[in-house]
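> The primary structure of each chain is shown beneath.
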Amino acid sequence: MNTDVIILGAGPAGAQAAIYAARKKVDAVVTGKVTGSALHGTHIENYYGVSGVVQGDDLLNNGVTQAKSFGCTVFDQNVVSLSSQSGLFKAVLESGEEIISKALILATGISRKKLGIPGESALFGKGVSYCAVCDCNFYKGAVVMVVGNESEAATSAEVLTKYASKVYWSADSLDVDGSLVDNAKSAGVELLSSRPLVINGTDRVESIGMDDGSTIAVDGIFIELGGRSSADLAMDLGIMPELDDTIKIGADGSTEMEGVFACGDVAGKPWQVAKAVGQGAIAGLSAAEYVRRKQ
Amino acid sequence: MVTELTDATFDKFTEQNKIAVIDCWAPWCGPCRRMGPIVDELATELEGKVGVAKLNVDDNRAISMRFAINAIPALLVFKDNVHVDTLVGLRPKEDVLSFLNSI
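So the sequences go chain by chain: A and B. In this text, residue positions in the first sequence follow the numbering used here: the first is 1, and each later residue adds one. In this text, residue positions in the second sequence follow the numbering used here: the first is 1001, and each later residue adds one.
One or more hints might be untrue.
[As the list claims (entries may be wrong)] Rough simulated footprint, nothing fancy, chain B against chain A, three-plus residues with beta-carbon under 8 Å:
1. 123 to 129
2. 134 to 144
3. 156 to 162
No wet-lab data here; the hints were simulated from the structure. Given the structure is predicted, the values throughout are model-derived calculations rather than measurements. Ideal Cβ positions, reconstructed from N, Cα and C, are used throughout, including at glycine.
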């Protein structure tokens, strides 16, 4: 489908950007999962106009409902790839649907990468990897496990089947389009509903202890939580992220690439809802103005 | 200047430089592309003191196998032609400089 502005991220920054863009009478599409927001599962009590303790999920769900009420289209899906051509942007969703837009807002937040289980830090680079695309070539003929519930795990598991002799995919709470799961299964991936509790090994990863009591012998474990990282999506467009995966923006929310704006946690600290919605409003307005100038 | 190494030229480079840092990378690796400019800066700052080079692990499998590299970017660090350590992952220039000062 075609739209004026696509917004990657359905958290406070993304929803607020969508609301402001829509109020400026441009078409806006939001993609992302509210469960991917740093606000998911938390509460807030220092946000303007809100008294007492408010659940983060209530704010998130209200934000998406509000964006829809202003006419925005919302996809509960991650974006798996981005590209730009002739001043237009193309986002490919998990389902394979393509969205073409005149402007793009990155409001993806900062990716959580680590599982936080024993053995993970000590064995990083010794069988623990956070980038299947980077490291798949080192696992020819090996047995590997991919961990994650969303699109990045699904695509990583499929990629790894081209190299490894056996690919397990640990997903205890799958949250990804069925087409990506089917692709992975068709490629030979074995889906597990148990999750890792410990990574075993001395000089190298040797096995994974799972929460169902089983131990699975592997040569490597790829931790691919959430959707595609904000840094990778930015690099799809040729925008170089900072070392902490944030994107530099100007006062109007613009990035180094014309037509691309960023807001919220991905645009840097402080990682606060108030700052995210403020930047979201600015990015939404700026993107709408950009679209109008181009018309 | 960053020297481009191959499996064939690797050993000579580590022999000829008292301290050598070799950036193991691949074109498809996003973090490697971000590490590249940092390695370029290191080469300029450390010219005459530390030999800084790059090795494309896609084209040069023997070295990555010899040093058991299975995650990139990875910086192989040598002193007096002895492999001191492998620094895995994208990291700031200051971290690398701090490590080099400690060896």
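> It remains to establish, for every hint, whether it holds in the given structure.
Here's how the hints hold up against the structure:
1. 123 to 129: The restraint on the stretch 123 to 129 of chain A holds, since 6 of its residues have a Cβ under 8 Å from chain B and three suffice.
2. 134 to 144: Per the Cβ count (5), the hint holds.
3. 156 to 162: violated (count 0)
The structure fails to meet hint 3 from the earlier list, while all remaining hints are met.
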